[in-house]
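Undergrad: Residues per chain are reported as follows:
There are 2 protein chains.
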Amino acid sequence: MNNISDSVIFPKGSKMPEPFNKYFTGQAYLEMLVSGDKEFNCPIGNVTFEPGCRNNWHKHPGGQILLVTGGRGWYQEEGKLARKLMAGDVVKIPANVKHWHGAAKDSWFVHLSIETNCQAGPARWLEPVTDDEYHNLD
Amino acid sequence: MNNISDSVIFPKGSKMPEPFNKYFTGQAYLEMLVSGDKEFNCPIGNVTFEPGCRNNWHKHPGGQILLVTGGRGWYQEEGKLARKLMAGDVVKIPANVKHWHGAAKDSWFVHLSIETNCQAGPARWLEPVTDDEYHNLD
Chain W
10 MNNISDSVIF PKGSKMPEPF NKYFTGQAYL EMLVSGDKEF NCPIGNVTFE PGCRNNWHKH
70 PGGQILLVTG GRGWYQEEGK LARKLMAGDV VKIPANVKHW HGAAKDSWFV HLSIETNCQA
130 GPARWLEPVT DDEYHNLD
Chain C
10 MNNISDSVIF PKGSKMPEPF NKYFTGQAYL EMLVSGDKEF NCPIGNVTFE PGCRNNWHKH
70 PGGQILLVTG GRGWYQEEGK LARKLMAGDV VKIPANVKHW HGAAKDSWFV HLSIETNCQA
130 GPARWLEPVT DDEYHNLD
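If you read the protein sequences in the order shown, they are chains W and C.
Take the first sequence: its position 5, counted from the start at 1, is 14 in the numbering used here, and no numbers get skipped.
Take the second sequence: its position 60, counted from the start at 1, is 69 in the numbering used here, and no numbers get skipped.
Derived by calculation from the structure, the hints in this document are not laboratory data.
These numbers were taken from a predicted model, which means no experiment stands behind them.
Worth double-checking, as some hints may not be accurate.
It does not matter which identical chain is used: a pair holds within one copy or between any two.
[Unchecked claim] Computed cross-link-like contacts, DSS-like style, restricted to lysine-lysine with a CA-CA straight-line distance of at most 27 Å: (1) K24 - K89; (2) K21 - K93; (3) K89 - K21; (4) K47 - K114; (5) K47 - K89; (6) K68 - K107; (7) K114 - K93.
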């Protein structure tokens, strides 16, 4: 298992803080590169997932863009097959589409998260991705 | 001189298209990762500068964020000392601040460019950074 968490471009940051940590299965880390201020209206976080870690199903009222910088992971929209992700991949998540993202079982995973149209409001967090759902991905 | 242009995370893309190419000294490359559509309101480009390449002085009516992914380069605001940039650096460029960015003399340079508050309008391009200004940076 590689240790990509020590070799990424942007800082790994700290363990995912509350209240967000409770919407993750496994340990994730967050470094906010740009805050959610009213000057730029463009919150940007660097999110690192340990192997097997993923977030709950959720929706962004204004959408979200993921830019994958390292490791291997997954992105899935409700009712669709999961998409494998690796460095260089870009995910454009439309507003209010129920989805989750996270690491592969056997790899760290790192992406930049850019909240778009953030004036629409914060993410709405839903139920976890079950072990059955997650372990049947491959 | 390293050849970082072949080893970056996101695609290098094509030679900077017109009308933008005329606002650069030297050769730059552009891959748009996210277009400037009305769904996300968040144009994201991957910009690669060959050694010595830099853009003209310019202003963004809505601001811009740079996320440096490779190489070494410079960012300068009018009336201030230039800031050296390397992978992992984040530059938050306020609206209407006159500035330029580009590669070091002896290195390729790669950054993501995120246009913020893009409804404020496109960049206003100004005069080139002269050779005197550029070669006196170090």
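Undergrad: Now tell me, hint by hint, if it's right for this structure.
TA: So, going through the hints one by one against the coordinates:
With identical chains, the CA atoms of K24 and K89 are never at most 27 Å apart, being 30 Å at best within one copy and 36 Å at best between copies. In this assembly of identical chains, K21 and K93 lie within 27 Å of each other by CA distance both inside one copy and across copies; the values are 22 Å within and 22 Å between. Proximity of K89 to K21 under the C-alpha cut-off of 27 Å is found in neither arrangement, the shortest distances being 30 Å within a copy and 30 Å between copies. In this assembly of identical chains, the alpha carbons of K47 and K114 never lie at most 27 Å apart, being 38 Å within a copy and 36 Å across copies at closest.
Taking the shortest alpha-carbon separations for K47 and K89, only the inter-copy value of 25 Å comes in at or below 27 Å, while the best intra-copy value is 35 Å. For the homomeric pair K68 and K107, the shortest alpha-carbon distance inside one copy (5 Å) is at most 27 Å, but the shortest distance between copies (37 Å) is not. In the homo-oligomer, the alpha carbons of K114 and K93 lie at most 27 Å apart inside one protomer (12 Å), although the nearest pairing across protomers, at 38 Å, exceeds that limit.
Violation of the numbered hints given earlier is confined to hints 1, 3, 4; the remaining hints are satisfied by the structure.
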